[in-house]
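Whenever a hint applies, use it, and build me the whole structure from the sequences.
As given, the protein sequences belong to chains A and B, one line each in that order. Per the numbering used here, the first sequence starts with residue 1, numbered consecutively. Per the numbering used here, the second sequence starts with residue 1001, numbered consecutively.
Worth flagging that the hints you see were computed from the coordinates, not collected in a lab. Please note that the accuracy of each hint is not assured.
[Claimed, not checked] Rough simulated footprint, nothing fancy, chain A against chain B, three-plus residues with beta-carbon under 8 Å:
#, region
1, 1178-1188
2, 1290-1301
3, 1304-1315
4, 1368-1375
Virtual Cβ for every residue (Gly too), placed ideally from N, Cα, C.
In case you want the letters, here they are:
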Amino acid sequence: MKFLLSDDQIQLQDAVARFAADTCAAGARRSAFEGETGFDAAFWDGLMALGAGAVSLPLEHGGLGLELLDLALIVEAIGYEAGPGPFLGHVLAGHALSRWGSPTQQAEWIPKLASGATIATVALVEAGSETSHYRWITDLDPASLNGQKAQSPNAELAELLIVGLRDGGLALVAKGAEVGVETCDDIDRTRRLSNVTFKNAAAELLPGGRVDDLLDAARVLVAADAFGGARRCLDMSTAYAKEREQFGRAIGSFQAVKHQLANLAVSVEPARGLYWYAAHAYDRGLEDRAKMASLAKAHLADVFMQAARVMIEVHGGLGYTWEHDAHIWFRRAMFDFAWLGTPQVHRARSAQLSGW
Amino acid sequence: MELEYGPEYELFRSEVRQFLVENWTKPVADGAIVEAASFRRQATAKGYLYRGVPQRYGGSEQPADPLKARVIREEFTRARAPREIEGPGVSMLVPTLLAVGEDWQKDRFVAKTLAGEYAWCQGYSEPHAGSDLAALRTRGEIVDGTWRISGQKVWTTLAHRAQFMFALVRTEPDAPKHLGISYLLIDMNQPGVTVRPLRQMSGGREFNEVFLDDARTPADWIVGARGAGWQVSRTTLRHERDLVGGAGATEDAFRKLVELARDARCDGRPALESEDVRQALARIEGYVLAQRFTSYRQMSLELAGQDAGLSGLLNKLNGTEIGHSMANLAQELIGSYGLLTPAPKGERGPEKWIGQIMGSLGVAIAGGASNIQRNIIAERGLGLPREGGAQS
Ligand SMILES: Cc1cc2nc3c(=O)[nH]c(=O)nc-3n(C[C@H](O)[C@H](O)[C@H](O)COP(=O)(O)OP(=O)(O)OC[C@H]3O[C@@H](n4cnc5c(N)ncnc54)[C@H](O)[C@@H]3O)c2cc1C
Chain A
1 MKFLLSDDQI
11 QLQDAVARFA
21 ADTCAAGARR
31 SAFEGETGFD
41 AAFWDGLMAL
51 GAGAVSLPLE
61 HGGLGLELLD
71 LALIVEAIGY
81 EAGPGPFLGH
91 VLAGHALSRW
101 GSPTQQAEWI
111 PKLASGATIA
121 TVALVEAGSE
131 TSHYRWITDL
141 DPASLNGQKA
151 QSPNAELAEL
161 LIVGLRDGGL
171 ALVAKGAEVG
181 VETCDDIDRT
191 RRLSNVTFKN
201 AAAELLPGGR
211 VDDLLDAARV
221 LVAADAFGGA
231 RRCLDMSTAY
241 AKEREQFGRA
251 IGSFQAVKHQ
261 LANLAVSVEP
271 ARGLYWYAAH
281 AYDRGLEDRA
291 KMASLAKAHL
301 ADVFMQAARV
311 MIEVHGGLGY
321 TWEHDAHIWF
331 RRAMFDFAWL
341 GTPQVHRARS
351 AQLSGW
Chain B
1001 MELEYGPEYE
1011 LFRSEVRQFL
1021 VENWTKPVAD
1031 GAIVEAASFR
1041 RQATAKGYLY
1051 RGVPQRYGGS
1061 EQPADPLKAR
1071 VIREEFTRAR
1081 APREIEGPGV
1091 SMLVPTLLAV
1101 GEDWQKDRFV
1111 AKTLAGEYAW
1121 CQGYSEPHAG
1131 SDLAALRTRG
1141 EIVDGTWRIS
1151 GQKVWTTLAH
1161 RAQFMFALVR
1171 TEPDAPKHLG
1181 ISYLLIDMNQ
1191 PGVTVRPLRQ
1201 MSGGREFNEV
1211 FLDDARTPAD
1221 WIVGARGAGW
1231 QVSRTTLRHE
1241 RDLVGGAGAT
1251 EDAFRKLVEL
1261 ARDARCDGRP
1271 ALESEDVRQA
1281 LARIEGYVLA
1291 QRFTSYRQMS
1301 LELAGQDAGL
1311 SGLLNKLNGT
1321 EIGHSMANLA
1331 QELIGSYGLL
1341 TPAPKGERGP
1351 EKWIGQIMGS
1361 LGVAIAGGAS
1371 NIQRNIIAER
1381 GLGLPREGGA
1391 QS
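Structure follows, in structure tokens:
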């Protein structure tokens, strides 16, 4: 038994964490947040230069050949900094291509995704249904795609889309005129969501692709992001409580504040292993992988949301301003809470998968 | 990341199983009476029990290996075989004696405690000194080469069955609060010791008041130096905190809670079919599994010789909070009849849950109350400023 990260994994995560901290401190987070598209070129290029885009892609096409757990560790590090941009959708699309793409599809796209020269994303759910593709309408017939997808991350920036189909399969679409993208004015301005419409769009099937699995991979990554974000909320609140003085002493010396933060630590820190295990179960194809993806997503989304609320409260009026970055995490917590299904939806799924 | 135990441990597991079949399961199935004491001796000789205790003191002196310990616990539990004697003697006093006791004290007390011949109680809390334990007032002084002790201990679990007490006693009245306390061993069978049972809210009679009225103990029945008792007692408290946080026990309780939801009725249908109940269970399961994986991680860190840091400090409060939420749901599930008229006794049913509903509060108070845990987490774990006076 070794429920720990390998030295390579620790190094990878640390490298991304350091890069993200520096780049965000230099303004990447804020500029993307305030900008038109939620994109910061320095952040994206730097991440790609570190190889973060290639992590789970196959070796023969320039990838690093690693797994969802490795991706999740990077996503946690990005979540800690509220790093902006299309990383989440991009690596999910890359994961789908690596797992199900035909040799021709892989040879054409994976090198471009690995370098980040082409940005990709996923368009999975449809309004009203986050867990069951049977209720979707988007369909491929035989090489032309019709339908409408909701909440596709950063579809505006993407040239390649991996699309979920009503029969549970996946299609690959290079963005062209038949693909309409309508970007929403969304809550989390570091990860923009779009509605995407396909009208007889040229598309190919990903052979054997399974949207249910891809959704589970996405949920694991959201859980990892939420853990990173929650950890940051705890750290920022703790640091502020040590430095802010009222009534002649640090507010962190008041027991009410101490206990608020201690309770937060108890909810955040033990949840780390939940997303580790969910990723591990996915990578190994373990029997409980779907249940754990849902349970980890539900649990960590709640934890992050609660952490973000405590953080704003501890920061007082300062935390309630637009200028302070606290609400950027609060908004990311809302994204993690709701994207691909709220905790309630996922607890219901987990209960069912438990055989209850 | 590797969650399997690996071939070495699976081999070890089959050895343990074989041992249990030969010495416990089969004899018991054949109607033989296997005495727990002799079974424990055999299991110790094989290296399965008391692994951290030297052989000369009755232990099996095995190199620390948390994975083996886990395999043993799993297999013994599965076979329902007796494990180490429970109680503060084995879990608290023995580790303390091994760490700081004199050789003669180890010779005199450890082996018999492990064998269950000596039962101990923990005499720390007093009416005026609970969380603020160092405020304790029970006085001890040496008169004619013997300790004479007077004062009162309270909530003393199993004092009515114990031959001995390990107690914190103020022996240096002029020293600062924490430096005036000594760790003394006291024979309970003497005229100066009176045990008065104290009934618990659950109706059980497990704890007591203990009145010490000029009780005597030999001058050398002190563990560590005079005035060092506070330090000495810290070894034991840390130990108890680890025990209470046990993730395995929480998982067992959760499985039973799901069974309860299966059996319980809600409008004539199994409660487990109710969407509210499913949500509540799945929410609790998130915490239960988080606790499981944080315990795997802490164990793996220990195996790798690394410190668990903040996460180690969270275990007791984490377990306590999960216990509270299970109690709240159980209370909903057993319904008005189960709650109000939980008899008949002995059947698998509501009265067990009354025990959990109340017992989860005992866990929240004993061994460092939850607010004290929060102080510890905030001050030692997060580095927030210490409160003047309140000790964490
Ligand atoms: C089932 C059970 C078994 C026990 N067995 C034993 C035993 O065998 N031997 C033994 O010595 N003792 C035993 N105890 C006693 C136990 O250790 C004490 O009850 C415990 O330390 C709390 O002390 P107290 O009861 O005086 O509560 P208090 O210290 O009076 O605390 C009351 C409340 O105030 C809060 N509080 C206290 N100080 C602070 C602070 N600084 N900041 C914030 N909140 C605070 C506490 O969290 C608690 O909620 C047992 C208790 C129970 C319930």
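Coverage criterion applied to the region 1368-1375 of chain B (partner chain A; beta-carbon cut 8 Å; 3 residues): holds (count 4)
Coverage claim, chain A over the region 1178-1188 of chain B, checked by counting residues with Cβ within 8 Å (three needed): violated (count 0)
Cβ contact check, 8 Å cutoff: the region 1290-1301 of chain B against chain A, three residues minimum: holds (count 10)
Whether chain A covers the region 1304-1315 of chain B (at least 3 residues having a Cβ closer than 8 Å to its Cβ atoms): Since three or more residues must qualify, the claim that chain A covers the region 1304-1315 of chain B holds, with 4 doing so at under 8 Å.
In this structure, the one hint that does not hold is number 1.
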